[in-house]
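The listed protein sequences correspond, in order, to chains S and Z. First residue of the first sequence: 0, per numbering that gives the first Met the number 0; consecutive thereafter. First residue of the second sequence: 0, per numbering that gives the first Met the number 0; consecutive thereafter.
Calculated directly from the structure, the hints in this document are not laboratory data. Keep in mind that the hints are not guaranteed to be accurate.
Given that identical chains are not distinguished, each listed pair holds provided it fits within a single copy or across any two copies.
What the hints assert, rightly or not - Taking lysine-lysine and the PhoX-like style, the derived pairs with C-alpha atoms no more than 20 Å apart in a straight line are: (1) K432 / K225; (2) K7 / K355; (3) K17 / K293; (4) K391 / K215; (5) K391 / K154; (6) K208 / K8; (7) K154 / K215; (8) K17 / K225; (9) K306 / K293; (10) K154 / K270; (11) K208 / K7; (12) K161 / K229; (13) K144 / K162; (14) K17 / K305; (15) K262 / K306; (16) K391 / K225; (17) K225 / K305.
2 protein chains.
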Amino acid sequence: MLPAEIIKKKRNKLELTKEEIEFFILSYTRHQIPDYQMSALLMAIYFNGMSNAETVALTRTMLHSGVVVDTSSIPGFKVDKHSTGGVGDKTSLILGPIVAAAGLYVPMISGRGLGHTGGTLDKLESIPGFNTQQTLERFVELTKKIGTCFIGQTKEICPADKKIYALRDVTATVESLPLICASIMSKKMAEGIDGLVLDVKFGSGAFMKTADDARKLANALMDIAKSYNKKVISVISSMNQPLGRFSGNALEVFECIEIMKNKSFRSAAGKDLYADTRELSLQLSAHMIHLTGKTTSIDEAYALAKKVLESGAALKKFEELCAEQSGNLSALPMPKEKVDLHATVGGFLASYDVEKIGLAGIILRAGRMITEDKIHPTSGIEFHVQIGDSIKAGDLIYTIHGDESHHFASAYQMLHNSFEISLQKPSEHVLIKEVLG
Amino acid sequence: MLPAEIIKKKRNKLELTKEEIEFFILSYTRHQIPDYQMSALLMAIYFNGMSNAETVALTRTMLHSGVVVDTSSIPGFKVDKHSTGGVGDKTSLILGPIVAAAGLYVPMISGRGLGHTGGTLDKLESIPGFNTQQTLERFVELTKKIGTCFIGQTKEICPADKKIYALRDVTATVESLPLICASIMSKKMAEGIDGLVLDVKFGSGAFMKTADDARKLANALMDIAKSYNKKVISVISSMNQPLGRFSGNALEVFECIEIMKNKSFRSAAGKDLYADTRELSLQLSAHMIHLTGKTTSIDEAYALAKKVLESGAALKKFEELCAEQSGNLSALPMPKEKVDLHATVGGFLASYDVEKIGLAGIILRAGRMITEDKIHPTSGIEFHVQIGDSIKAGDLIYTIHGDESHHFASAYQMLHNSFEISLQKPSEHVLIKEVLG
Numbered sequence: 000m001l002p003a004e005i006i007k008k009k010r011n012k013l014e015l016t017k018e019e020i021e022f023f024i025l026s027y028t029r030h031q032i033p034d035y036q037m038s039a040l041l042m043a044i045y046f047n048g049m050s051n052a053e054t055v056a057l058t059r060t061m062l063h064s065g066v067v068v069d070t071s072s073i074p075g076f077k078v079d080k081h082s083t084g085g086v087g088d089k090t091s092l093i094l095g096p097i098v099a100a101a102g103l104y105v106p107m108i109s110g111r112g113l114g115h116t117g118g119t120l121d122k123l124e125s126i127p128g129f130n131t132q133q134t135l136e137r138f139v140e141l142t143k144k145i146g147t148c149f150i151g152q153t154k155e156i157c158p159a160d161k162k163i164y165a166l167r168d169v170t171a172t173v174e175s176l177p178l179i180c181a182s183i184m185s186k187k188m189a190e191g192i193d194g195l196v197l198d199v200k201f202g203s204g205a206f207m208k209t210a211d212d213a214r215k216l217a218n219a220l221m222d223i224a225k226s227y228n229k230k231v232i233s234v235i236s237s238m239n240q241p242l243g244r245f246s247g248n249a250l251e252v253f254e255c256i257e258i259m260k261n262k263s264f265r266s267a268a269g270k271d272l273y274a275d276t277r278e279l280s281l282q283l284s285a286h287m288i289h290l291t292g293k294t295t296s297i298d299e300a301y302a303l304a305k306k307v308l309e310s311g312a313a314l315k316k317f318e319e320l321c322a323e324q325s326g327n328l329s330a331l332p333m334p335k336e337k338v339d340l341h342a343t344v345g346g347f348l349a350s351y352d353v354e355k356i357g358l359a360g361i362i363l364r365a366g367r368m369i370t371e372d373k374i375h376p377t378s379g380i381e382f383h384v385q386i387g388d389s390i391k392a393g394d395l396i397y398t399i400h401g402d403e404s405h406h407f408a409s410a411y412q413m414l415h416n417s418f419e420i421s422l423q424k425p426s427e428h429v430l431i432k433e434v435l436g
Numbered sequence: 000m001l002p003a004e005i006i007k008k009k010r011n012k013l014e015l016t017k018e019e020i021e022f023f024i025l026s027y028t029r030h031q032i033p034d035y036q037m038s039a040l041l042m043a044i045y046f047n048g049m050s051n052a053e054t055v056a057l058t059r060t061m062l063h064s065g066v067v068v069d070t071s072s073i074p075g076f077k078v079d080k081h082s083t084g085g086v087g088d089k090t091s092l093i094l095g096p097i098v099a100a101a102g103l104y105v106p107m108i109s110g111r112g113l114g115h116t117g118g119t120l121d122k123l124e125s126i127p128g129f130n131t132q133q134t135l136e137r138f139v140e141l142t143k144k145i146g147t148c149f150i151g152q153t154k155e156i157c158p159a160d161k162k163i164y165a166l167r168d169v170t171a172t173v174e175s176l177p178l179i180c181a182s183i184m185s186k187k188m189a190e191g192i193d194g195l196v197l198d199v200k201f202g203s204g205a206f207m208k209t210a211d212d213a214r215k216l217a218n219a220l221m222d223i224a225k226s227y228n229k230k231v232i233s234v235i236s237s238m239n240q241p242l243g244r245f246s247g248n249a250l251e252v253f254e255c256i257e258i259m260k261n262k263s264f265r266s267a268a269g270k271d272l273y274a275d276t277r278e279l280s281l282q283l284s285a286h287m288i289h290l291t292g293k294t295t296s297i298d299e300a301y302a303l304a305k306k307v308l309e310s311g312a313a314l315k316k317f318e319e320l321c322a323e324q325s326g327n328l329s330a331l332p333m334p335k336e337k338v339d340l341h342a343t344v345g346g347f348l349a350s351y352d353v354e355k356i357g358l359a360g361i362i363l364r365a366g367r368m369i370t371e372d373k374i375h376p377t378s379g380i381e382f383h384v385q386i387g388d389s390i391k392a393g394d395l396i397y398t399i400h401g402d403e404s405h406h407f408a409s410a411y412q413m414l415h416n417s418f419e420i421s422l423q424k425p426s427e428h429v430l431i432k433e434v435l436g
């Protein structure tokens, strides 16, 4: 098999065989095919897509370029959640502990933030000492002991995906449905789980701008999970508004702890700014619990999730896993500097450009533009208003937080153009659009 | 400017600016942009094309990545010809000497064969000792002295094109109109010529399968030449039949010498098998001569070309340039082995699959599949019949020539499937379809 002929075949919109995909991906992983041929193939896939069979074969090859975690020593059903990413999306930190506190097992291998969306690992690493680099043996051991454990991708897991993802990032080939599906699902299938809840986001801060496109992505991801006989459902949720009160790593951890302590935080409009994060975490937890077969209805699962959250059992799990992963929660750093951004006109908060909010986060170093960028853990943005809120000129819209105020001016400028105020009241913002099974 | 953003822009079908094209191409040439980003951009260009302005900017950047030959010391109009390539296409070796013998100047920088089409350099290098690697100073000096000179691309000329072409070859990005145009024209514009005759081929052995597509390519090439204020015309000629009696390097040189000696070679059907090569060479020579302004009509230019060919003056020029470039014409090697391929049914020779004939040439090592392949100078194929000829079962169709008969069987198999015999007489094969100015 000649690499250039395989590229040409995909370029000419012909379906690649399982063997061709395997040959190309494994040879690339072994450095027998150079980067420049892989990037040409990736761009051809960007333009011509992949069939279901091709995407399944790509996922399988990436998965088997490394190991599948042996979770056989963990009793019963293992379940995880994957979100396609957004701004302020911090539910993993709450739902892992909730589901663990409900007596189930959540072995979670997470990623770092890239572009305008955040990553669970970066959030956890804002906790001083928190070690996300555990061996797979320790990962299994901790999951068994606590019920959940958060680690980063190790070099044993999907090395092909790791190498290909780094290349996609610098060759404008990230935004391809089959490549996204294979990358996500190869890593999830490597966790040794039995079921998966997908949080597929749509809106201005999501990869998929419309609910329709999010549905397509959800179905493509679920097709792959089903080809592995995994139980899977998708929650289609909105990223037309940042989730909760904060974005930014330490600030998001703070919000999660507040929620697990059953606190609320009222906005000027009288809304609890923690409500969306809490509700989405509970809904996703409920679907995870229900997927395991522990409950006979989603309502029952939701009630169980709510109970362990309100009882403080979830917080206890979170504190336990922080301690086991060497994180000193009581030393969580808080930002020293801040600047407020006010409305200059009155009306209703009509819409957010959530991607711009994410880009302001990158300016503040709360996120990264390229893999090498260093995160400033205390940097972030506080959201004071929500879509539909009535606004007067002078009302607080955002607070920019951080330790290094010299980034504030350009973040301010970006944020200034990230929302619209209209005279007409907009239609209500719906957090969860639907659930696909 | 970020390379990944420029790739993304082209991927999203937006027009790149002159500055973006220049930045990307020159940074790549200086090794500041890696191969994997260039190949992703090339694939995006393959899919989304380039505007005229982009193609002109790409040509200009590739041209100015190196030097333009200083031909100012050569008196008067300098003219060259470029063919888009075919099987048995050997006209350069005849028209260079004709136009030089007519008192004009043809500074010719040629390429090697790749894929199923042949290259002028490989043909010339079948003459023992012939040195195509001359300095640009010597190139100008010889053109001035003899009227024509044949050299290969030097490292001073379009280094960007050289580097990009090698990458296209292994990333399935050769077949892109704007990339082809920029590659051809940057090299031609580097020759320091005043005018250019393009031989744009269509048919089963050409890059462009239809005359319509050849016309499009011709117009795109001419647009670039005109942006440099060069005089340019295009001859649209057929590659639905291999040109002349032979393909293969030494065999083609032999055919050219025979033609320059005014010899003919009658086929079984009574046709002169040298006629097409002679006629296309004369037509192209006439257009080159007329472009210089030396004559008042194409007919007058054709008569002049015919006169210097028939007088032996062109042969004299060819012998002169061989001597100056250290080629020993009298030692031209001839193949030692041969095998004939006969028709198994009677009828009319209806069509050739000329690309298959070219591939048979590669099997015989008369051409190369990859740049590193070594050429066998004596290998080649002899054509005994032409489209429309009446054939009896047992008639000679091809003779395979070479020194290494162990390649013959698979070339035979390929050739066996490269022609069709029908009971109905096909329409006449027209060599020159039209001339575009």
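Taking the hints in turn, this is what the structure says about them:
1. K432 / K225: Close neither inside one copy (23 Å) nor across copies (58 Å); limit 20 Å.
2. K7 / K355: between (38 Å within a copy, 19 Å between copies)
3. K17 / K293: neither (37 Å within a copy, 63 Å between copies)
4. K391 / K215: neither (40 Å within a copy, 61 Å between copies)
5. K391 / K154: neither (52 Å within a copy, 68 Å between copies)
6. K208 / K8: Classified as between: cross-chain Cα gap 19 Å, same-chain 31 Å, threshold 20 Å.
7. K154 / K215: This pair counts as neither: shortest intra-copy Cα distance 31 Å, inter-copy 51 Å.
8. K17 / K225: within (18 Å within a copy, 49 Å between copies)
9. K306 / K293: within (15 Å within a copy, 97 Å between copies)
10. K154 / K270: This pair counts as neither: shortest intra-copy Cα distance 44 Å, inter-copy 70 Å.
11. K208 / K7: Between copies only: 18 Å across chains, 31 Å inside a chain, cut-off 20 Å.
12. K161 / K229: neither (23 Å within a copy, 51 Å between copies)
13. K144 / K162: This pair counts as neither: shortest intra-copy Cα distance 32 Å, inter-copy 57 Å.
14. K17 / K305: Neither: 45 Å inside a copy, 60 Å across copies.
15. K262 / K306: The answer is within: 15 Å in one copy meets 20 Å, while 101 Å across copies does not.
16. K391 / K225: neither (50 Å within a copy, 62 Å between copies)
17. K225 / K305: neither (29 Å within a copy, 75 Å between copies)
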